[in-house]
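Q: Input sequences plus hints: build the corresponding full structure.
Taken in order, these protein sequences are the chains called P and B.
For what it's worth, the working numbering labels the leading residue of the first sequence as 1, then goes sequentially.
For what it's worth, the working numbering labels the leading residue of the second sequence as 132, then goes sequentially.
Keep in mind that the hints were calculated from the coordinates and are not lab data.
Among the clues, some could well be false.
What the hints assert, rightly or not - With beta-carbon atoms standing in for the labels, derived distance ranges:
| # | chain 1 | residue 1 | chain 2 | residue 2 | range |
| --- | --- | --- | --- | --- | --- |
| 1 | B | Gly302 | P | Met4 | 35 to 41 angstroms |
| 2 | P | Trp20 | B | Arg546 | 40 to 46 angstroms |
| 3 | P | Ala30 | B | Asp203 | 37 to 43 angstroms |
| 4 | B | Asn462 | P | Met124 | 24 to 30 angstroms |
Where a beta carbon is used, it is the ideal one built from N, C-alpha and C, also for glycine.
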Amino acid sequence: MKYMLMMQAPRAMFQEYYSWPIEDIKAQVAFMRRFNDELKTSGELVHTHGLAGPEEAKIVRVGKDGAPEVTDGPFAEAKEFLAGFWIVDCESRERAYEIAARASSAPGKGGATARIPIEVREVMGRAPVDV
Amino acid sequence: MSAEKSTVAENLLRELAPRVLGAVVRRFRDFAAAEDAVQEALIAASVQWPEQGVPANPLGWLIHVAGRRMTDDLRAELARRRREAFVATETPAEEQVVPPPDLGTDADEDDTLLLLFMCCHPALTRPSAIALTLRAVGGLTTAEIANAFLVPEATMAQRISRAKQRIKTSGVPFRMPSDAERGERLAAVLHVLYLIFNEGYASSIGPELQRSDLAGEAIRLTRAVRHLLPGDGEVAGLLALMLLTDARRAARTTPDGELVPLMEQDRGLWDREAIAEGVALISDTLSRGSIGAYQLQAAIAAVHDEAARSMDTDWPQILALYGLLDRMSDNPMVKLNQAIAVAMVHGPAVGLERLEALGGDARIAGHYRLDAVRAHLLEMAGDSEGAVARYLAAAGRTASTPERNYLQSRAARLRGR
Chain P
1 MKYMLMMQAP
11 RAMFQEYYSW
21 PIEDIKAQVA
31 FMRRFNDELK
41 TSGELVHTHG
51 LAGPEEAKIV
61 RVGKDGAPEV
71 TDGPFAEAKE
81 FLAGFWIVDC
91 ESRERAYEIA
101 ARASSAPGKG
111 GATARIPIEV
121 REVMGRAPVD
131 V
Chain B
132 MSAEKSTVAE
142 NLLRELAPRV
152 LGAVVRRFRD
162 FAAAEDAVQE
172 ALIAASVQWP
182 EQGVPANPLG
192 WLIHVAGRRM
202 TDDLRAELAR
212 RRREAFVATE
222 TPAEEQVVPP
232 PDLGTDADED
242 DTLLLLFMCC
252 HPALTRPSAI
262 ALTLRAVGGL
272 TTAEIANAFL
282 VPEATMAQRI
292 SRAKQRIKTS
302 GVPFRMPSDA
312 ERGERLAAVL
322 HVLYLIFNEG
332 YASSIGPELQ
342 RSDLAGEAIR
352 LTRAVRHLLP
362 GDGEVAGLLA
372 LMLLTDARRA
382 ARTTPDGELV
392 PLMEQDRGLW
402 DREAIAEGVA
412 LISDTLSRGS
422 IGAYQLQAAI
432 AAVHDEAARS
442 MDTDWPQILA
452 LYGLLDRMSD
462 NPMVKLNQAI
472 AVAMVHGPAV
482 GLERLEALGG
492 DARIAGHYRL
502 DAVRAHLLEM
512 AGDSEGAVAR
522 YLAAAGRTAS
532 TPERNYLQSR
542 AARLRGR
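A: Laid out in structure tokens, this is it:
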């Protein structure tokens, strides 16, 4: 079963992140690399990417004649932004939760676990067998 | 090369794959390395045979090529360990390329079974066991398996490699399980084959039609097990269940990939030959007094398949079979299906009562299927409003796109009335 694990972060955390002490950033990057390697080694990683910060985020709607209509927001009401995601293919929902908890154990500022919330959603796919 | 020649070679390779691997593992006793060597031999054959023709002794050819590859690796390994005592094998590497004298006899057929027991070992996760079985026993390439499960090839390669490592570290021997554990181990093999079938059958719709035919592969492997264990009722039951289910494949979806429920399928599209084979198989098995969960599921599938029109379905018989299945399985999904049969025999109100009782089971409470069945029974009872609410609740919870579309359209149809 495939699950998408989404790491959400409040807008303020993105700003704060840039001013972390360098060793804290290094520790977090090292953690993510290790974590991704673990998922690769277990044969469960389908895809992962971190996203650029929300500063450059745009909202796109279809405009006249199908042309993109790009605006800078409004993001005021958005409290949380997607920081990165994983798609994993694993044995059970419980295993997806385990992986998500591991992602959430990434070190934050000062080295302590940040407990960043990870949203877990099943990826839509195949049909069930008995209809 | 002609496409036909290529297909002939491919089918032959698939059939020979486990026997080659069995022979190489038997001689070299290193499953992980043997599996790699056999994959390379299979790939070499898939390139050479369609162009140059199939060798006179294809099995011997493959064992020889895989054995040579193993010997090369062993020589390299020997060079590395020149000063160390080499204890991996008792015979010098050079002597190991000679094919064993028992080729072509029952010994290499039994190897297929040994491999299945090994690949489906309970020490492996089910996704690992599935991947390893398809590669080592089914002879599929890693790319084909990755494509079938819609994951990157590197992910699948790692899953397979980890499974082999796991077999190595947990010391699973390449021999038949003892009589004491045989039943449980065979059940694990059948479960893996069942999961492969389900994965293939479930995904054989719409845009995913291009994926490898896992259902066909599962049937082929189960046939092989049946050939090796002709007296086992559950093996026969599983094969019959697959045949009787797969027979409905063409009727199960519209050309657009929309799901068609069993009761509304165009039965003219069902595969009569597969049904005849499945029915004969399950009838013969049950007549021997054997019973088991796969056999009962096959018997239920047979009752459905034998009805010329959905209204002719022998529901009392299906209800009785679910009663037997429920007594031997304690599975809430069985109870859920049983509730449908109850509704068909005794009316929707009685079926809905069964569902109320089931709602207290934590294993199924909140599962979309419970809501979907409840919606159907409410619709049968004439409670359109209640049915719509339940259809939509189920639609919100399923992770299957075709199922969601089906549930939504069901709700829309009722609202429109």
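Q: Would you say the C-beta atoms of Trp20 of chain P and Arg546 of chain B sit inside 40 to 46 angstroms of each other?
A: About 54 angstroms separates the Cβ atoms of Trp20 of chain P and Arg546 of chain B, which means 40 to 46 angstroms is violated.
Q: For the hint 24 to 30 angstroms, verify it against the beta carbon of Asn462 of chain B and that of Met124 of chain P.
A: Between Asn462 of chain B and Met124 of chain P, where Cβ atoms are some 25 angstroms apart, the hint holds.
Q: If I claimed the Cβ atoms of Gly302 of chain B and Met4 of chain P lie 35 to 41 angstroms apart, would that claim hold in this structure?
A: holds, 37 angstroms
Q: Using the beta carbons of Ala30 of chain P and Asp203 of chain B, state whether their distance is inside 37 to 43 angstroms or not.
A: At roughly 39 angstroms between Cβ atoms, Asp203 of chain B and Ala30 of chain P fall inside 37 to 43 angstroms, so the hint holds.
Violated hint: 2 only; the structure is consistent with all others.
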